[in-house]
Amino acid sequence: MSFISESSDDTSAGLAVSIASPSDYLALLKPRVMSLVVFTALAGVLIAPTHVNPVIGFASLLAIAVGAGASGALNMWYDADIDAVMRRTRNRPIPAGKISKENAFSFGATLALFSVLTLGIVANWLAASLLAFTIFFYVVIYTIWLKRSTPQNIVIGGAAGALPPVVGYAAATGSVSIASLALFAIIFIWTPPHFWALALVKADEYGRAGIPMLPNVKGANRTRRDILLYTLILAPLGLAPWLLGVASWVYGLLAFGLGALMLLLAARVYNVRVGWKADRCAKGLFGFSIVYLFLLFAELVGERVFTLAQGVIMNPPW
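So for the sequence shown, the numbering used here puts the first residue at 1440; every next one is plus one.
It cannot be assumed that every hint is accurate.
List time: in silico DSS-like cross-link candidates among lysine-lysine, alpha-carbon distance up to 30 Å [what the hints assert, rightly or not]:
# : residue 1 : residue 2
1 : K1540     : K1716
2 : K1540     : K1469
3 : K1540     : K1586
4 : K1722     : K1657
5 : K1469     : K1722
6 : K1586     : K1657
7 : K1716     : K1657
8 : K1716     : K1586
9 : K1722     : K1586
Note that these hints are calculated values from the structure, not bench results.
Owing to the predicted nature of the structure, the values given are computational and were not obtained by experimental measurement.
Let the sequences and hints guide you as you build the complete structure.
Written out as structure tokens, the structure reads:
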């Protein structure tokens, strides 16, 4: 089965036909990013003090996932010119000629509307409004405006990627709490050192694409300094769920250890500035930053699931 679209080409006398498989449309959703969004949103749902109906919880997470995918599709729609230049993105469906920009926009916009309406109906309209704001912020504020205009693009734009736990918590409770905002803060502060570590290695590609990433505008040494400063904030901030009482001492120990390792790697990036060793340190920090965030949220989710399971065992519904 395939989706076939036709679009006019000013440089061709005929019609350019692009053939896309379902996997190409799936790629538009940025499934790896979408999975991270669902995971962090699940943490927001689970730290809620109220028990969520499993059907409502699943439907809410599905709506959040679709909203994240819609954001990815709209991002690829607008950034098709940039994606065609950069090595790591040039095989995406639009620059590869498999899906037209028009189809990508229609696909993304339809999913965005569907996800917001679904979340409002199955959960509440505060959560739906937060999801709509997240999509708007990522597509309009970050992708269309900030990404091409300021080296602080990833700092401000990171708010969109940090909001899913708040959306998840709102879906479960109809409100926002300090604990959900703490999860937001962890992801928000984690985002710059995570992406700037990659930007140090890919600075030439970002430069050719015309994206004003921090290493291209302020230089590699300024980027290394800012990575270290953000990590100095992130390391203690990771302890917040334990300090707020939504995670156990096991989480606290894990957050302390992971934060110390993250800080050590950031210090190495700051100190090693020349040659292939500098790139290796930056790649090491980028890779570990993914592990850092995953393990923090995996421990948080695991603890909450275990607590819920204990409650069911001690107080069975029958």
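Could you tell me which of the hints above the structure violates, numbers in ascending order?
-> Of the numbered hints, just 1 does not hold.
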